[in-house]
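Chains as they are written, first to last, in the working numbering: chain A, 1 to 264; chain B, 265 to 388.
Hints are not guaranteed to be accurate.
[Said to hold, decoys possible] Simulated restraints on C-beta separations:
(1) Glu274/B to Met82/A: 23 to 33 Å
(2) Glu151/A to Arg318/B: 49 to 59 Å
(3) Leu244/A to Glu274/B: 23 to 33 Å
(4) Ser126/A to Arg275/B: 27 to 37 Å
(5) Asp148/A to Arg355/B: 29 to 39 Å
[To be verified] Negatives, chain B to chain A, calculated, CB over 12 Å:
(6) Asp273
(7) Asp279
(8) Ile281
(9) Ala371
[Stated by the list, open to error] Within a straight-line C-alpha distance of at most 30 Å, the following computed DSS-like cross-link-like pairs (lysine-lysine) qualify:
(10) Lys388/B to Lys267/B
(11) Lys267/B to Lys332/B
(12) Lys332/B to Lys368/B
(13) Lys332/B to Lys159/A
(14) Lys159/A to Lys388/B
(15) Lys61/A to Lys159/A
Calculated directly from the structure, the hints in this document are not laboratory data.
On a predicted model such as this, the values are computed, not experimentally measured, just so you know.
C-beta: ideal position from N, C-alpha, C; glycine also.
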Amino acid sequence: MSAILLDDELLHYEVLGRGRPILFFHGWVGSWRYWIPAMQATSMAFRTYALDLWGFGDSAKNQRLYTLEQQAGLIERFMDQMGMGRVALVGHGLGAVAATLFTRAHPEAVDRLMAISCPLEAGMVSQRLRGAAAGELTDWLLGRGPIDVTEAARTDAPKADPQAIQASLKLLPGLNFKEFTYGVFTPRLLVHGLNDPAIEAPRIEQYADLPEGTHQVVFDQSGHFPMLDEGSKFNRLLADFLNLPSGDTPRQLQLKEEWKRRVR
Amino acid sequence: MAKILIAEDERDIRDLISFTLRFAGYEVVAASNGEEAVQMAIQEIPDLILMDVRMPRMTGYEACQRIKIEPSVAHIPVVFLSAKGQEAEIRTGLEAGAVEYLLKPFAPDQLTERVRALLAQQGK
């Protein structure tokens, strides 16, 4: 277990591999732990860090830190403390929101961003998620996936401070990241699960006019957790995205048919 | 909690295996060459040893043979890790006292499954 103190608050993270840095951020259910397969898949070429956001996993539980701005600020402070210059960010749900906010504020520090199950606008967020109690999220968002697949997210879910979850959910309706996609040139890959009950996957025509640096991929067999529901496909897409030359558009990336054949 | 000794000179692979097994719930100790592996086996008395074949100072075969003649650790199962294309070495490894070969590269979850099965055979 690795941890650092940021303004006297303990931040837990795990690290694996060598190379250019990638930071992984979990969502509303679970902790750093469900990134283990993605870290394993990318660790031979990258130095992968997975962090517990404030109020989650083994990081500090302090209500003062639960705003979206504080969660995004965690990224900046972590990078400062670790001496990182420019990184790739991979965020899921709440982690994707925090990573997107950070990228908007510090585009120079983000080489590329993969945002998974991230609402681009308030209309994509289900009413149930906005009003959900922390305790009901685990079963609802993880669905009925096999226990061995979802275990990594379930294990640490009870460690979360319900107030950390509620604080972030209350602020979701105020978000509008769609406009943001047109103002920042950071390559961004948006990933959604077609069957996500909480964050609606955007329809193709809805985002047909995404700017050149932004691309979206929809996993048709996934719910809220594409990295668990379709792990092999997800890790391939992640590797392809990370291996693009810096500044290249992710437009060329797609879920190729041969992947489907291979992972079935 | 079962304890596993990993003997592997390539740091990236050693780290990946350690990480995988640590978060699968095992205690992990690691050595970076054959000589160190023998010393750590005697000191730590692990439940299982995962050993690379080609290591500096002392090969995996030699380290395994040393372990198998040391009464305090002779009972510990040794699994060799070997790159694909070196299958001819399997016989040599088994003759040195290994119980199994794992061919690299292997998927992390395959490794965890094999480790779990081998430990279960010992009642761990």
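Compare the distance between the alpha carbons of Lys61/A and Lys159/A with 30 Å, and conclude whether the hinted pair is satisfied. Between Lys61/A and Lys159/A the Cα gap is close to 10 Å, so the pair holds against 30 Å.
Could you say whether the range 29 to 39 Å given as a hint is met by the Cβ separation of Asp148/A and Arg355/B? 35 Å, holds
Pair hint outcome, Lys388/B versus Lys267/B [Cα-Cα no greater than 30 Å]: 10 Å, holds
30 Å Cα cutoff - pair Lys159/A, Lys388/B: 28 Å, holds
Has the given pair, Lys332/B with Lys368/B, been kept, meaning a C-alpha gap of at most 30 Å? 24 Å, holds
Taking C-beta pairs only, is Ala371/B more than 12 Å away from all of chain A? Given a closest Cβ separation of 8 Å, the condition is violated.
Could you check the hint for me, namely that Ser126/A and Arg275/B are 27 to 37 Å apart, CB to CB? 45 Å, violated
Separation of Asp279/B from chain A, once the least beta-carbon distance is taken, above 12 Å: 6 Å, violated
Take a quick look at Asp273/B and tell me if its Cβ sits farther than 12 Å from every Cβ on chain A, holds or violated. Asp273/B is indeed farther than 12 Å from all Cβ atoms of chain A, at 15 Å.
Straight-line Cα separation of Lys267/B and Lys332/B no greater than 30 Å? 18 Å, holds
Whether the CB-CB distance between Glu274/B and Met82/A falls inside 23 to 33 Å: 25 Å, holds
Satisfaction of the hinted span 23 to 33 Å by the C-beta atoms belonging to Leu244/A and Glu274/B: Hint holds: Cβ distance 27 Å, inside 23 to 33 Å.
Of the numbered hints listed earlier, those contradicted by the structure are 2, 4, 7, 8, 9 and 13.
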